[in-house]
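K.L.:
Here is how the chains run, residue by residue.
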Amino acid sequence: GEDVEQSLFLSVREGDSSVINCTYTDSSSTYLYWYKQEPGAGLQLLTYIFSNMDMKQDQRLTVLLNKKDKHLSLRIADTQTGDSAIYFCAVSDSSNTGKLIFGQGTTLQVKP
Amino acid sequence: DVKVTQSSRYLVKRTGEKVFLECVQDMDHENMFWYRQDPGLGLRLIYFSYDVKMKEKGDIPEGYSVSREKKERFSLILESASTNQTSMYLCATQGRGGVHYGYTFGSGTRLTVV
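One line per chain: the protein sequences are E and X, in this order.
In this text, residue positions in the first sequence follow this note's numbering: the first is 295, and each later residue adds one.
In this text, residue positions in the second sequence follow this note's numbering: the first is 1124, and each later residue adds one.
In short, the hints are calculated from the structure, not lab data.
From a predicted model like this one, the values you see are computed outputs, not experimental measurements.
One or more of the hints may lead you astray.
Unchecked claim - Using C-beta positions, here's what the derived DEER-type ranges look like: (1) X/1131 - E/365: 24 to 30 Å; (2) X/1161 - E/338: 28 to 34 Å; (3) E/313 - X/1139: 44 to 50 Å; (4) X/1180 - E/388: 15 to 21 Å; (5) E/319 - X/1130: 33 to 39 Å; (6) X/1200 - E/333: 33 to 39 Å; (7) E/365 - X/1176: 30 to 36 Å; (8) X/1230 - E/345: 42 to 48 Å; (9) X/1177 - E/321: 26 to 32 Å; (10) E/333 - X/1207: 48 to 54 Å; (11) E/334 - X/1188: 41 to 47 Å; (12) X/1131 - E/361: 18 to 24 Å; (13) X/1202 - E/305: 38 to 44 Å.
Stated by the list, open to error - Mimicking BS3-like on lysine-lysine, the simulated pairs with C-alpha atoms at most 30 Å apart in a straight line are: (14) X/1193 - E/350; (15) X/1126 - E/330; (16) E/350 - E/405.
Here a beta-carbon is modelled for each residue, glycine too, at the ideal position from N, C-alpha and C.
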């Protein structure tokens, strides 16, 4: 089945850029997502990208998709302390059931 | 905006109790999902449902059951709670139309079984 991998932890200084990486195994995934989870809360959809796109920018967020390498990244420019959270990568299941397959989540720590 | 409401934010139950976790959504989404979240393990799918009275097992259904009698409500049932079911439980919904097919999550229920 589909597998989605993320590193577990990233620490950056306030004002720096953060890059969170994700790899997946199924090249037929049509939609790819980034979710943010703040402490004690549910997951919130941050952004998404279709598989026919290479890049998507939304204010401080830039998503890059390398389909050849099955690699997805989320770049947060000018990282703030309020960006401290767990970030989940998710890809659509290739079986067309609509299910999303989630990575383990990357905890982003932003130091002042 | 879709609103997904989980009935309790925090719940403490005793071993052996029957536990009901409720999830209600207000935007007519067809698909609903129950996940549990544990540190280092990410999200694990317990059960999901594509329609009323329909249910499918996810990756870790043992010890759980579900009920979907109405489209807007998806209940997770722990038949006999055990301490290894202490976890954060997340409900999610997904519509079949729209621009994308991302999930909308509830705020989660943190269940402690003592």
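K.L.:
For each hint, tell me whether it holds in the structure or not.
P.N.:
Here is what the structure says about each hint:
| no. | hint | result |
| --- | --- | --- |
| 1 | X/1131 - E/365: 24 to 30 Å | 39 Å, violated |
| 2 | X/1161 - E/338: 28 to 34 Å | 20 Å, violated |
| 3 | E/313 - X/1139: 44 to 50 Å | 47 Å, holds |
| 4 | X/1180 - E/388: 15 to 21 Å | 19 Å, holds |
| 5 | E/319 - X/1130: 33 to 39 Å | 36 Å, holds |
| 6 | X/1200 - E/333: 33 to 39 Å | 28 Å, violated |
| 7 | E/365 - X/1176: 30 to 36 Å | 40 Å, violated |
| 8 | X/1230 - E/345: 42 to 48 Å | 30 Å, violated |
| 9 | X/1177 - E/321: 26 to 32 Å | 30 Å, holds |
| 10 | E/333 - X/1207: 48 to 54 Å | 23 Å, violated |
| 11 | E/334 - X/1188: 41 to 47 Å | 27 Å, violated |
| 12 | X/1131 - E/361: 18 to 24 Å | 42 Å, violated |
| 13 | X/1202 - E/305: 38 to 44 Å | 42 Å, holds |
| 14 | X/1193 - E/350 | 38 Å, violated |
| 15 | X/1126 - E/330 | 17 Å, holds |
| 16 | E/350 - E/405 | 27 Å, holds |
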